[in-house]
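Student: Below, each chain spelled out in residue letters.
4 protein chains.
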Amino acid sequence: MARHYLDKGFPLTVWNRTAERCAPLVAAGAAQARTPGELAERSDVVVACVADPPAVERLVFAEDGVLAAARPGLTYLETSTISPSLARRVDEALRAKGARMLEAPVTGSKTGAEKGTLILMTGGPRALHDELMPVMMAIGAKAIHCGEMGQGSVVKLIGNGLISFMMEGLCEGLVLARKAGIPQETLLEVVMASGYQSPYYPFKASAIAKRDWDTHFSIDLLVKDQTLALEEGASRGVPMPGLAAIREVFQSARARGLGHEDIAAVVKVVESAAGLD
Amino acid sequence: MARHYLDKGFPLTVWNRTAERCAPLVAAGAAQARTPGELAERSDVVVACVADPPAVERLVFAEDGVLAAARPGLTYLETSTISPSLARRVDEALRAKGARMLEAPVTGSKTGAEKGTLILMTGGPRALHDELMPVMMAIGAKAIHCGEMGQGSVVKLIGNGLISFMMEGLCEGLVLARKAGIPQETLLEVVMASGYQSPYYPFKASAIAKRDWDTHFSIDLLVKDQTLALEEGASRGVPMPGLAAIREVFQSARARGLGHEDIAAVVKVVESAAGLD
Amino acid sequence: MARHYLDKGFPLTVWNRTAERCAPLVAAGAAQARTPGELAERSDVVVACVADPPAVERLVFAEDGVLAAARPGLTYLETSTISPSLARRVDEALRAKGARMLEAPVTGSKTGAEKGTLILMTGGPRALHDELMPVMMAIGAKAIHCGEMGQGSVVKLIGNGLISFMMEGLCEGLVLARKAGIPQETLLEVVMASGYQSPYYPFKASAIAKRDWDTHFSIDLLVKDQTLALEEGASRGVPMPGLAAIREVFQSARARGLGHEDIAAVVKVVESAAGLD
Amino acid sequence: MARHYLDKGFPLTVWNRTAERCAPLVAAGAAQARTPGELAERSDVVVACVADPPAVERLVFAEDGVLAAARPGLTYLETSTISPSLARRVDEALRAKGARMLEAPVTGSKTGAEKGTLILMTGGPRALHDELMPVMMAIGAKAIHCGEMGQGSVVKLIGNGLISFMMEGLCEGLVLARKAGIPQETLLEVVMASGYQSPYYPFKASAIAKRDWDTHFSIDLLVKDQTLALEEGASRGVPMPGLAAIREVFQSARARGLGHEDIAAVVKVVESAAGLD
Numbered sequence: 001m002a003r004h005y006l007d008k009g010f011p012l013t014v015w016n017r018t019a020e021r022c023a024p025l026v027a028a029g030a031a032q033a034r035t036p037g038e039l040a041e042r043s044d045v046v047v048a049c050v051a052d053p054p055a056v057e058r059l060v061f062a063e064d065g066v067l068a069a070a071r072p073g074l075t076y077l078e079t080s081t082i083s084p085s086l087a088r089r090v091d092e093a094l095r096a097k098g099a100r101m102l103e104a105p106v107t108g109s110k111t112g113a114e115k116g117t118l119i120l121m122t123g124g125p126r127a128l129h130d131e132l133m134p135v136m137m138a139i140g141a142k143a144i145h146c147g148e149m150g151q152g153s154v155v156k157l158i159g160n161g162l163i164s165f166m167m168e169g170l171c172e173g174l175v176l177a178r179k180a181g182i183p184q185e186t187l188l189e190v191v192m193a194s195g196y197q198s199p200y201y202p203f204k205a206s207a208i209a210k211r212d213w214d215t216h217f218s219i220d221l222l223v224k225d226q227t228l229a230l231e232e233g234a235s236r237g238v239p240m241p242g243l244a245a246i247r248e249v250f251q252s253a254r255a256r257g258l259g260h261e262d263i264a265a266v267v268k269v270v271e272s273a274a275g276l277d
Numbered sequence: 001m002a003r004h005y006l007d008k009g010f011p012l013t014v015w016n017r018t019a020e021r022c023a024p025l026v027a028a029g030a031a032q033a034r035t036p037g038e039l040a041e042r043s044d045v046v047v048a049c050v051a052d053p054p055a056v057e058r059l060v061f062a063e064d065g066v067l068a069a070a071r072p073g074l075t076y077l078e079t080s081t082i083s084p085s086l087a088r089r090v091d092e093a094l095r096a097k098g099a100r101m102l103e104a105p106v107t108g109s110k111t112g113a114e115k116g117t118l119i120l121m122t123g124g125p126r127a128l129h130d131e132l133m134p135v136m137m138a139i140g141a142k143a144i145h146c147g148e149m150g151q152g153s154v155v156k157l158i159g160n161g162l163i164s165f166m167m168e169g170l171c172e173g174l175v176l177a178r179k180a181g182i183p184q185e186t187l188l189e190v191v192m193a194s195g196y197q198s199p200y201y202p203f204k205a206s207a208i209a210k211r212d213w214d215t216h217f218s219i220d221l222l223v224k225d226q227t228l229a230l231e232e233g234a235s236r237g238v239p240m241p242g243l244a245a246i247r248e249v250f251q252s253a254r255a256r257g258l259g260h261e262d263i264a265a266v267v268k269v270v271e272s273a274a275g276l277d
Numbered sequence: 001m002a003r004h005y006l007d008k009g010f011p012l013t014v015w016n017r018t019a020e021r022c023a024p025l026v027a028a029g030a031a032q033a034r035t036p037g038e039l040a041e042r043s044d045v046v047v048a049c050v051a052d053p054p055a056v057e058r059l060v061f062a063e064d065g066v067l068a069a070a071r072p073g074l075t076y077l078e079t080s081t082i083s084p085s086l087a088r089r090v091d092e093a094l095r096a097k098g099a100r101m102l103e104a105p106v107t108g109s110k111t112g113a114e115k116g117t118l119i120l121m122t123g124g125p126r127a128l129h130d131e132l133m134p135v136m137m138a139i140g141a142k143a144i145h146c147g148e149m150g151q152g153s154v155v156k157l158i159g160n161g162l163i164s165f166m167m168e169g170l171c172e173g174l175v176l177a178r179k180a181g182i183p184q185e186t187l188l189e190v191v192m193a194s195g196y197q198s199p200y201y202p203f204k205a206s207a208i209a210k211r212d213w214d215t216h217f218s219i220d221l222l223v224k225d226q227t228l229a230l231e232e233g234a235s236r237g238v239p240m241p242g243l244a245a246i247r248e249v250f251q252s253a254r255a256r257g258l259g260h261e262d263i264a265a266v267v268k269v270v271e272s273a274a275g276l277d
Numbered sequence: 001m002a003r004h005y006l007d008k009g010f011p012l013t014v015w016n017r018t019a020e021r022c023a024p025l026v027a028a029g030a031a032q033a034r035t036p037g038e039l040a041e042r043s044d045v046v047v048a049c050v051a052d053p054p055a056v057e058r059l060v061f062a063e064d065g066v067l068a069a070a071r072p073g074l075t076y077l078e079t080s081t082i083s084p085s086l087a088r089r090v091d092e093a094l095r096a097k098g099a100r101m102l103e104a105p106v107t108g109s110k111t112g113a114e115k116g117t118l119i120l121m122t123g124g125p126r127a128l129h130d131e132l133m134p135v136m137m138a139i140g141a142k143a144i145h146c147g148e149m150g151q152g153s154v155v156k157l158i159g160n161g162l163i164s165f166m167m168e169g170l171c172e173g174l175v176l177a178r179k180a181g182i183p184q185e186t187l188l189e190v191v192m193a194s195g196y197q198s199p200y201y202p203f204k205a206s207a208i209a210k211r212d213w214d215t216h217f218s219i220d221l222l223v224k225d226q227t228l229a230l231e232e233g234a235s236r237g238v239p240m241p242g243l244a245a246i247r248e249v250f251q252s253a254r255a256r257g258l259g260h261e262d263i264a265a266v267v268k269v270v271e272s273a274a275g276l277d
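Chains as they are written, first to last, in the numbering used here: chain A, 1 to 277; chain B, 1 to 277; chain C, 1 to 277; chain D, 1 to 277.
Calculated directly from the structure, the hints in this document are not laboratory data.
There may be inaccurate statements among the hints.
[Unchecked claim] Take a look, some chain D residues computed to stay more than 12 Å from chain A by CB distance:
#1 Thr13
#2 Arg58
#3 Phe61
#4 Gly73
#5 Thr111
#6 Arg236
#7 Pro239
#8 Arg247
#9 Glu248
#10 Asp277
[Unchecked claim] In silico BS3-like cross-links for lysine-lysine, where the CA-CA straight-line distance does not exceed 30 Å:
#11 A/Lys268 / A/Lys224
#12 D/Lys179 / D/Lys8
#13 B/Lys224 / C/Lys224
#14 A/Lys179 / C/Lys224
#15 B/Lys115 / B/Lys210
#16 C/Lys179 / D/Lys142
#17 B/Lys179 / A/Lys142
The structure displayed is predicted, hence computed values, not measured ones.
C-beta atoms are modelled at their ideal positions from N, C-alpha and C, and glycine is treated no differently.
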């Protein structure tokens with residue numbers, strides 16, 4: 001994502017928890033900050049993309065974090081997937097110091113980030129969404145305003161819930177097909193001819209066929225989002241029996257040491273439960 | 001489906017458990033048989049489409065059923081969704097009398113049947129599949145040969161499993177969105193811009209938005225297929241924790257008297273669990 | 001069970017699908033029938049105990065089965081766990097020939113059968129229950145009249161449902177305790193001091209501690225009963241999300257080849273899902 | 001619990017978030033502190049019993065909390081059910097100031113608290129457990145040392161997991177029995193004669209029969225503990241598909257406004273899913 005800003009001529013300062021990771025970007029012309037706070041001091045817009053809520057807490061609230069350097073005129077664009085309540089908490093803290101925030105979690109996985117075709121789901125003031133369009137369109141293909149602060153995160157969590165259902169459904173189906181002696185291509189041909197077709201099925205089925213667990217979207221990250229979705233459901237009074245059942249299958253993948261692999265690798269849990277391998 | 005045969009000039013004899021239902025077809029030129037056996041006697045190819053396995057048992061094995069009239073030269077095309085084991089049992093019985101069978105469960109729901117755009121998943125001899133293409137293309141847009149007798153049914157059950165996952169995932173998501181104050185169109189706009197898009201989501205979300213439970217595919221029929229899929233999983237040693245959880249939600253819809261409504265109406269169970277009326 | 005009849009002086013004729021299994025009983029004084037029908041001809045009361053519904057179908061409805069020899073005066077005591085609907089079907093067939101039936105599924109597992117301490121749950125006429133008390137008390141410690149034909153089976157299925165919940169709850173708890181470094185005895189000491197104590201917990205936890213999978217009640221049989229319970233729930237409109245989730249765990253045990261082991265062995269599935277072993 | 005200390009002659013100071021709740025105890029001879037910190041200053045042993053982790057956070061870490069007044073010689077006995085990680089965090093903070101802590105979550109519900117028959121599950125130094133026995137035996141009947149700090153909480157969460165399984169199993173069974181026309185007493189008679197008997201079943205079934213939702217243990221509190229158990233499972237790599245499914249049923253009870261009722265009231269959710277009002 002950072003490289004797109006360089007490529008498109010944005011003046012860029014970068015920070016990463018692991019400083020060496022900045023080297024290629026620095027070599028390509030980016031400045032490097034020693035702390036998130038320093039980065040915020042030097043920038044008009046801070047674009048954040050980290051792994052999980054604790055990483056956002058550190059980035060913003062640490063002594064050397066973004067909040068310490070927040071000031072009127074600073075804009076914080078949060079593209080990480082976090083809980084709606086954390087998004088609101090960061091927003092309140094920044095607004096108290098005169099800064100502004102737009103949440104904009106993204107979908108599109110590693111490929112979307114590389115190609116600049118991410119979809120952004122924004123929450124926060126509509127005017128700020130409009131103002132930040134150039135910043136967002138540098139990394140994505142589309143930005144959809146979902147409502148107030150937190151609502152972008154909710155939409156993102158629901159989307160990753162749908163991915164979870166589709167992935168688990170595909171795996172249960174593929175393992176049954178395999179035991180019934182049906183070639184995967186036949187099954188996929190039917191799916192793609194049907195009204196419930198989705199490009200997601202051949203994308204993930206193909207990875208499974210090749211036993212290619214190269215990570216587009218890791219099991220660790222999806223489980224984090226499933227957990228956030230269930231917490232959001234709990235706090236809003238929405239039982240989610242399907243997602244709850246599915247999360248435990250993905251939890252098993254983590255417990256077996258597959259957390260860093262692509263979510264397609266959850267098929268290994270379904271296979272194991274069926275006595276395969 | 002029957003009307004397509006008339007429209008395309010196939011000589012047609014019809015039978016229905018409820019004889020009056022044949023009237024419009026008879027008015028349009030079809031002959032009417034008093035029993036499935038009589039229909040089989042008069043026909044080269046019997047195309048069966050009934051609600052569930054017991055209806056197929058009656059159609060084929062009753063004293064006045066198709067089997068009683070089976071003979072070399074008779075072909076039986078089974079388009080109902082039944083268990084793979086029943087498909088194999090009917091096939092064996094027919095072959096013992098010199099007749100031939102192709103299973104060809106369909107997907108496309110009521111609209112597909114009306115428009116002649118069904119997808120057929122066939123199981124049985126490849127040569128018979130090829131031979132029956134004209135008969136199948138009169139009612140459908142595509143026929144995919146899935147393998148031996150029973151394998152077409154397995155593919156169909158897996159497909160309806162996928163539908164179940166997508167429907168439950170959509171409902172859990174829509175109810176969470178509603179409680180979070182997010183407009184349904186916003187959520188759908190994101191879904192349709194993403195890699196996990198599917199035409200199935202707006203199709204069913206639109207029915208939910210309009211509270212239109214007009215039946216394309218009924219809850220009763222989907223629960224029947226979910227149950228057949230779980231039975232197939234049990235007999236082949238494939239645990240299906242996702243589908244099992246989802247089936248109980250649909251069972252609740254049946255228990256509440258919604259069995260005859262479209263599967264989109266399962267959202268009412270998800271809403272009720274969330275305390276919404 | 002048969003030996004108790006011999007020990008208590010009942011004149012006894014025995015039949016088993018595998019004729020050699022009768023040898024010890026014949027050596028101890030029992031007569032041996034070649035078919036269930038022959039056994040029924042020679043007896044006043046037929047006491048049936050077989051593995052599953054298909055075995056009952058064979059026993060009763062086969063050409064050489066009990067039904068063929070049914071007559072006024074014959075009494076059929078069914079102690080197998082079967083579906084309520086099969087119990088009613090057998091009952092109707094026997095009554096049509098003037099015979100009488102009492103269903104009396106048992107609980108107590110292998111030990112209860114050996115010690116004659118089974119509990120019988122009867123369905124059928126109260127007067128027949130009373131009349132058969134001596135026959136039932138020869139193999140059990142207590143017989144409880146549950147209502148009409150089929151209701152004894154329902155009670156039995158509910159009881160095995162409770163066992164399923166307790167067993168899965170115990171396993172999830174034991175594996176969490178193990179990963180948290182808590183000795184099993186400590187956990188059991190707390191459970192047994194609490195209001196939710198049950199002798200079932202130390203009984204099964206002790207087997208797990210010893211990795212002793214010697215079969216008191218096999219996974220195959222419990223899965224059969226869970227399936228019958230879910231079918232009964234489906235037919236009566238009772239969603240059972242807990243039991244449905246639990247059954248898939250036990251299905252996994254079957255798929256991994258543990259079906260013949262004691263139900264305590266389901267812990268191996270829970271351990272495997274947690275990445276142990 | 002506080003009254004037992006008065007009755008047994010312990011000098012007692014009390015604090016409650018809602019100060020008026022202390023009135024009956026003050027009338028009976030207790031002193032009243034204005035803050036948890038003041039209470040800690042005046043006491044040798046602080047016995048804490050609050051609703052949930054946030055309440056413990058406030059009690060200990062607030063400016064006027066226990067930690068502010070912690071000193072060598074102060075002992076903190078935590079009887080609330082909280083996460084093992086929070087127990088460890090409080091312990092570390094107190095030890096840093098020279099104070100000591102024993103966690104001792106309790107089981108026995110409201111009746112156990114009133115009668116002084118609670119069971120305490122302790123975590124922390126064995127010597128401290130022994131030293132505090134007189135303090136614990138004033139409110140309970142038994143204290144079991146479960147291991148290090150946090151392990152008492154894990155045992156408590158597992159125990160409440162077992163309660164969840166038993167409660168859901170009972171409800172699914174009772175609703176099926178009701179639809180099958182089987183009297184609840186008959187079912188309970190069988191359960192209590194069986195090897196899986198537990199006093200918990202008639203305790204809760206009786207409340208259900210009387211539609212008496214008077215709170216011994218509230219749905220809100222049990223859901224909190226189920227959530228803590230699932231979080232502990234997630235952090236230790238233990239998938240808990242049974243508990244996850246069950247929690248969603250209890251979540252539905254909360255979403256329908258039953259959170260303050262006794263856990264027996266979850267039967268209303270199971271009934272509603274089955275189409276019963």
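Student: Look at each hint and say if it fits the structure.
Tutor: Do the hints match the structure? See the list:
1. Thr13: 36 Å, holds
2. Arg58: 18 Å, holds
3. Phe61: At roughly 16 Å from the nearest Cβ of chain A, D/Phe61 sits farther out than 12 Å, so the non-interface label holds.
4. Gly73: 34 Å, holds
5. Thr111: Since the minimum Cβ distance to chain A is about 29 Å, D/Thr111 lies beyond 12 Å and the statement holds.
6. Arg236: The assertion about D/Arg236 is violated, with a minimum of 8 Å to chain A.
7. Pro239: 4 Å, violated
8. Arg247: 7 Å, violated
9. Glu248: The assertion about D/Glu248 is violated, with a minimum of 4 Å to chain A.
10. Asp277: Check passes; 19 Å lies beyond 12 Å.
11. A/Lys268 / A/Lys224: Judged against 30 Å, a Cα distance of about 19 Å means the pair holds.
12. D/Lys179 / D/Lys8: The hint is violated at about 51 Å.
13. B/Lys224 / C/Lys224: The hint holds at about 19 Å.
14. A/Lys179 / C/Lys224: 21 Å, holds
15. B/Lys115 / B/Lys210: Status holds; Cα separation ~23 Å.
16. C/Lys179 / D/Lys142: Answer holds: C/Lys179 to D/Lys142 is near 25 Å, not above 30 Å.
17. B/Lys179 / A/Lys142: Between B/Lys179 and A/Lys142 the Cα gap is close to 25 Å, so the pair holds against 30 Å.
Checked against the numbered hints above, the structure breaks hints 6, 7, 8, 9 and 12 and satisfies the rest.
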